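Novice: Take a look at the letters that make up each chain.
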Amino acid sequence: MWIIAPLLCGLIFGAGLLISGMVQPTKVLGFLDIFGAWDPSLAVVMAAALAVSIPGFLLADRSARPWFAGQYFRPGKSGIDLPLVAGAGLFGIGWGLVGLCPGPALESLATLSPGIIVFVAAMAVGMIAHDAWQQSRLTAQRDRLLASATDG
Amino acid sequence: MANFTPVSAAIGGVLIGLSAVLLMLSTGRIAGISGIFSGLLNLRGEDKGWRVAFIAGLILAPILAGMIGYGMAQPKLPSSWAVIVAAGLLVGFGTRLGGGCTSGHGICGIGRLSPRSIVATIVFMVTAVVTVAITHHALEG
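If you're matching them up, the sequences are chains S and F in order.
In case it helps, my numbering puts the first sequence at residues 1 to 152.
In case it helps, my numbering puts the second sequence at residues 1001 to 1141.
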């Protein structure tokens, strides 16, 4: 039953966010508020996670394939471009406004808090809007290429 | 730094790193929550099972913790619905455009020593800090 593996991974991830307190927006905002009563906990969370993930990913690099899948699905992009910087910038503004990023937001659905449900719905709309925008850009690009090909 | 909780932060961080590594070793996938979630928002049928399972695990964690007496407090959110909606839209659109969030870039991408992820993490940290500085200090005095 391979589906147990991602389920367990989600549980472990959720436990990590719970124990570290990062599921709470106030805790995250305490880290981001460097001009207030600064709480460096989030930096410790990241450092501890990286202390595990850096050697762990090196280990994964040395194995030919995952335990329950035919191949590794690694991100293909490598260059630093405008969408990366602009997207990260916008995400940071949203994160700073409320103190929620996607992991804690989804995990907090367990509380059935109306604010969380609205946040997750808005997040989904933002994602769908982005993908629709990209799709329309690609279609426009293809139409221009086709038009120039027939012109030539 | 009265609120600093280094021990629980370190334990939680180790678990998050462990989850990311186990998901890669077992399923071959990056534990980037924005990517996992956005993959569920299209109508194409393939490739959804592991995503549903991971998010189900994520939501089950506080429910199971509650059963053994460590329930999660209701998250404290701004009183303004407009701010909540704007933040959700920015987080959704921005993570898709930038190709990841705190987990995908911050833990997995930097974990793979990706220059893209290092840049993305610096950028979202900076804009988040500036946003908090403005909303908590400049606007509220």
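These aren't lab readings, by the way, just hints derived from the structure by calculation.
Treat the hints with care, since some could be wrong.
[As the list claims (entries may be wrong)] Here are the simulated DMTMM-like cross-link-like pairs (lysine to aspartate or glutamate), alpha carbons at most 25 Å apart as the crow flies: (1) S/Lys77 to S/Asp61; (2) S/Lys77 to F/Glu1046; (3) S/Lys77 to F/Asp1047; (4) F/Lys1048 to S/Asp81.
[As the list claims (entries may be wrong)] Listed next, the stretches of chain S that the computed footprint assigns to chain F, with coverage defined by at least 3 CB atoms under 8 Å from CB atoms of chain F: (5) 16 to 23; (6) 39 to 48; (7) 77 to 91; (8) 122 to 135; (9) 140 to 149.
[As the list claims (entries may be wrong)] Simulated restraints on C-beta separations: (10) S/Trp133 to F/Pro1115: 46 to 54 Å; (11) F/Met1067 to S/Gly36: 32 to 40 Å; (12) S/Gly36 to F/Ser1008: 16 to 24 Å.
Computed from a predicted model, the values in this text were never measured in an experiment.
A virtual CB, placed ideally from N, CA and C, is assigned to each residue, including glycine.
Novice: List in ascending order the numbers of the hints, as given earlier, that are violated by the structure.
Specialist: Of the numbered hints, 4, 9 and 10 do not hold.
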